[in-house]
Every structure is written in C-alpha cells, then in structure tokens.
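Novice: Below are the chains, spelled out letter by letter.
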Amino acid sequence: MAELEVRNLTKRYGRTVAVDDLSFAVDAGCVTGLLGPNGAGKTTTMRALLGLLAPTRGEALVEGRPPRGMREPLRTIGAALEATAFHPGRSGRNHLRTLAAAGRIPASRADEVLATVELGAAARRRVKGYSLGMRQRLALAAALLGDPRILILDEPANGLDPQGMRWLRDLLRTLAAEGRTVFVSSHVLSEMAQIADELILIRRGKLVAQTTLEEFTAEAVPMRVRCAAPDRLRAALVEGGATVAEEDGALLVGGLEGAEIGELALARGVALHELAPQRSSLEARFLEVMGEDEGEGGVGDGA
Amino acid sequence: MNLLRSEWIKLVTIRTTWTMLGLGLLGEALFAGLYVALRPLGELTDFGEEVAPGTGLLLVLTLVLGVLAITTEFRHGTASSTFLASPRRHPVLVAKLGAVLLVGLLAGLLFVVVNAGLGVSILSSRGGELPSFSDLVSIYAGVVVSLPLICAFGLGIGAIVRNQVGAIIAAIAFFFVLSPLPTLLPGSIGDYFPAQAIGSLHGHTEGEASLGQVGGGLVLAAWALGLWAIGTAIVVRRDLSE
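Chains A and B are the protein sequences, given in the same order. The first sequence begins at 622 in the working numbering and counts up one residue at a time. The second sequence begins at 124 in the working numbering and counts up one residue at a time.
Every clue listed holds true.
Derived CB-CB ranges, DEER-like:
| hint | chain 1 | residue 1 | chain 2 | residue 2 | range |
| --- | --- | --- | --- | --- | --- |
| 1 | B | Ala345 | A | Ser811 | 58 to 68 angstroms |
| 2 | A | Gly635 | B | Val300 | 27 to 37 angstroms |
| 3 | B | Gly289 | A | Ser644 | 37 to 47 angstroms |
| 4 | B | Gly310 | A | Gly685 | 51 to 61 angstroms |
| 5 | A | Arg745 | B | Ser247 | 38 to 48 angstroms |
| 6 | B | Ile312 | A | Arg745 | 47 to 57 angstroms |
| 7 | B | Ile353 | A | Ser644 | 33 to 43 angstroms |
| 8 | B | His213 | A | Glu878 | 53 to 63 angstroms |
| 9 | A | Asp732 | B | Leu153 | 34 to 44 angstroms |
Which residues of chain A face chain B? A partial, calculated answer using Cβ under 8 angstroms:
| hint | residue |
| --- | --- |
| 10 | Thr665 |
| 11 | Arg668 |
| 12 | Pro688 |
| 13 | Pro694 |
| 14 | Ala700 |
| 15 | His708 |
| 16 | Gly724 |
| 17 | Arg725 |
From the derived model, a few chain B residues whose C-beta atoms are all more than 12 angstroms from chain A:
| hint | residue |
| --- | --- |
| 18 | Thr168 |
| 19 | Phe297 |
| 20 | Ala356 |
Calculated directly from the structure, the hints in this document are not laboratory data. Quick caveat: nothing in here was measured; it's all calculated off a predicted structure. Ideal Cβ placement from N, Cα and C applies to all residues, glycine included.
Extracted from the complex, chain A is given alone in its bound form:
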C-alpha cells in the first residue's frame, strides 16, 4: 500500500479544473517531488491529500484511508503549506504550542522542533518580524511537531538562500532515510534536482510523467567530452551503445555514465581532457516535457 495516493482525483472550482483525473502513488523511504508550473494543481493536490478540500471526483488517500478520518493526525502526517500562514502577532513558539495542544503532543516538543529548524533564538519573537526564510523554517517546524510518518511540503525551498537549500536537502534526506514519506512540491526544476529522488510531473492538473530524477536526468543530460583523439573515442562510444553528437570540437555523449565513458577511453588509450555533464540541457528537457507555452508560471527558472 502506498503511503500517499490519489486515484482519478479531479477538483473543479466553478468552470476551472484545477486537477484533472490525476492518479499517482507516493512511497516511503525517499523524497518525492511534485513538479509543475504555477497553476498546475500542485497545491490543490496536496490540500486534497490533507483533507483540507473535498475532491470533486476521485479520492485522495493517506495510508489507504481518507484523510478526514485520521486518528492521530499530527503523528501521521505533517504539512508545511505556505510561509505566510501564521498569525503575525503570535510568536513562533506559541503558534507551535496551539498545535501541540490540539494534537495531544507535549509542549516541550515545540522547543525541540524549533531547535531542529535552527529557529530557537527567534522562538519568542512575534512572527511579524520573521523573514521569509524564517517563516519557511517555522512552517517546517510545525510539520515536524508530531514526529510524523509522512511529510507534505508545499514549495519549501521558496525564500531559502543556497545555504538554506543545502540544509533543507540534508534534512529531507535524513527524514526519508529514517523510512518516512517525504512529498515536496516545487515549480523550479533546479530546486527539485537538488532535493528529490522521485519525480511526479504535472501540468494543467494532469500527470505528465512519473520517473526517478536519475532517469529523467540521464535521458536529458549528455556528457560533454573533450579528448586527444575524438574520432577513436567516438567509435568506441558508439560501440558501447552511446549516442554521440559533436559540438565545438567536443563530443556530446548520451546514454552512458561518466564512469563508463572514462573506462572506455582508458581501454582505448585516449587521454580525456574534459568530462562533464551538459547541465543546461536538463532545463531544456524539462521545458520540452512541460511544453513551453506555460510561460506565465516561470517554468524551470529560478523566479
């Protein structure tokens, strides 16, 4: 049984279809990314999984059951939805205390999670004075409060600086390695590439692809190779099953990993001068999959 599952989920608002017959499942033990442009239905899908909105059709299931009936909600599922969802006049610590009380969790746990997200120093200040990054951390603290088996995080990387990103990635990795289910959304591919193992791509409320980051990257990202004898290496690579193109005197190699290319070059006695992934084409591949017409969402850019 999948930890999180949507089956033929459809959500309409009047005439607008936010999510359209969407089905996928999310398993424990890894970080799963829900990726799509703004307006693709990511938030709606997550909110349906949390029982905050009722599907028009289909169902959203948590551990095989509808979310509204959860026995121990905070211990089952922790969610961080938007960075602004706090009362500005209440301190971060008091916000967590209200949730702890409702979820029958000891108040001391509030201080623990505040320490985990490194917000201890600001805990007693009113949220009004928090930066976007601090709000993100507080939202994450709220999600962790019940030590939940499942985490749902909507755009958690928004407003984090590169250092914060690294910290978030390490935290999510650790949580997933503990056997938890970590489900994260983003509209920025480069963020996702740093965080997620599994990818669910949606667009206009529909599933585009469900794949692993590795597969998606391998397909998309060729290795750029410069060497002393391009022709000799090229023949060897093609024999080894690679697709090879040439660009500015370098070989663009698809279908082989860097290590395999290196071994082949060594076997043929060709000295490598450069061996690097052609990163820019990951974005290109993403745009290709998503369709470039979704301009407004700022697909794939860091906006």
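Add chain B to chain A, keeping to what the hints say.
Specialist: This is chain B only, laid out in the frame that chain A set:
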C-alpha cells in the same frame, strides 16, 4: 479538552485580545468612576439602571473578539494548520465556542470588579443611595451572562461571513442597527431580537413585554447557538484552498 486548551492558547497569545479587553475595561472604569463621582447626588437615584449595566463599550469589543476568534484563522491562513491538527472540524468549532464563552466570562467578571469596585465605593463614600444587594447581584449576574453570549454571537457571525472586516461590520450592524428595528413592529416580536434580549438580561423593564432576565438570557443564548450552528455547518463543509 485538548482542543479547548489549543483555542484558549490562541486567544491569550495575541495582544489584540488583551488590548480590546483592556480598552473596554478602561472605558467602563472611566464611565463608572466619573459618572458616580460627578453627577449631583440628587439626580443619581437609580444606580442599578444608570451605572451597573455599563456603557456597552465592553459589550461591543467582546462581540468583536468573538468575531475575531474565527476570522483571524481565515485571514491569516491558520485555519489550515488548525484543521490539520484536527481534521474532524466539528470538535474544533465546539472548542472555539468554549473558548469564547470563557473569554466573555472573564470580561464579565472583570467588568463587575471595575464597575462595582469604583461605582459602589465612590457612591457610598459620597453617601449616595445604593440599590439593594440582591438587586445589584441580579444586574451584575445579567451582565456576566451577557458577555459570553455576545462573544459566542460574534463567533457565529464570524464563521458565517469569514471575511474579517465584513464579519465585524455585519456583527455590529446586525446587533446595534438591525436588531432594535423590530421593536417598531406591533406586538412583542421585537423582544426576541438580540439587542432587546440583552436589555432584558440586564434588568431593563421598559415596555410591557419584557422577557425578564431569564427569558432575555435564553433568547440571546438561542441566537448565539443558532448562528454558531449555521456557521459550524458552513465551516465544516468549506474547502480550505488558501
């Protein structure tokens, strides 16, 4: 019980609650103190009617506190966190009702301390005529009961309207502008609206058809509970998409 504690923490950890209660009590203290101190003794013949029920300022602010108890959750998006911690929404609304009743009760008790403390002590030091102890008790009991009920009344309107400014305006307009209007109608129908019910509860006896204190209290409670029930039904069904 956990949820009631959670809702109570929500109310006491924001300044608005204390600012509004403080302002209301300060206003009531000034009124009671100055009115009793400055009015010529000869004109101050009915403490129970003139001073003990207060000015209505605390009543308005408590009404608004009740509205805010739920509209802030929608305004700032904390309703989502609240309903994640308790996906069953009915108990949350019951807890909110309990919490606003408690805040209203606190307001009522503090009002009595301020109003009776200043009013009675100044009046008796001037040698004025006090109503009987039992009259005072019944008037103050009426006030102490009216504040929790008006707070719950606000909660109900807040749950129905959800928009903060809209709900505050709706609550005040309904209570102070619309609900006195039916008194213009023939018969006693007007007595069954909240403004007059509070009058009855506070021991006012103008008009023949006054419901009496218990009757006024029951009518006000019915309004508060009815609005709360409608608001609860709406909030339980609503999608939280922001």
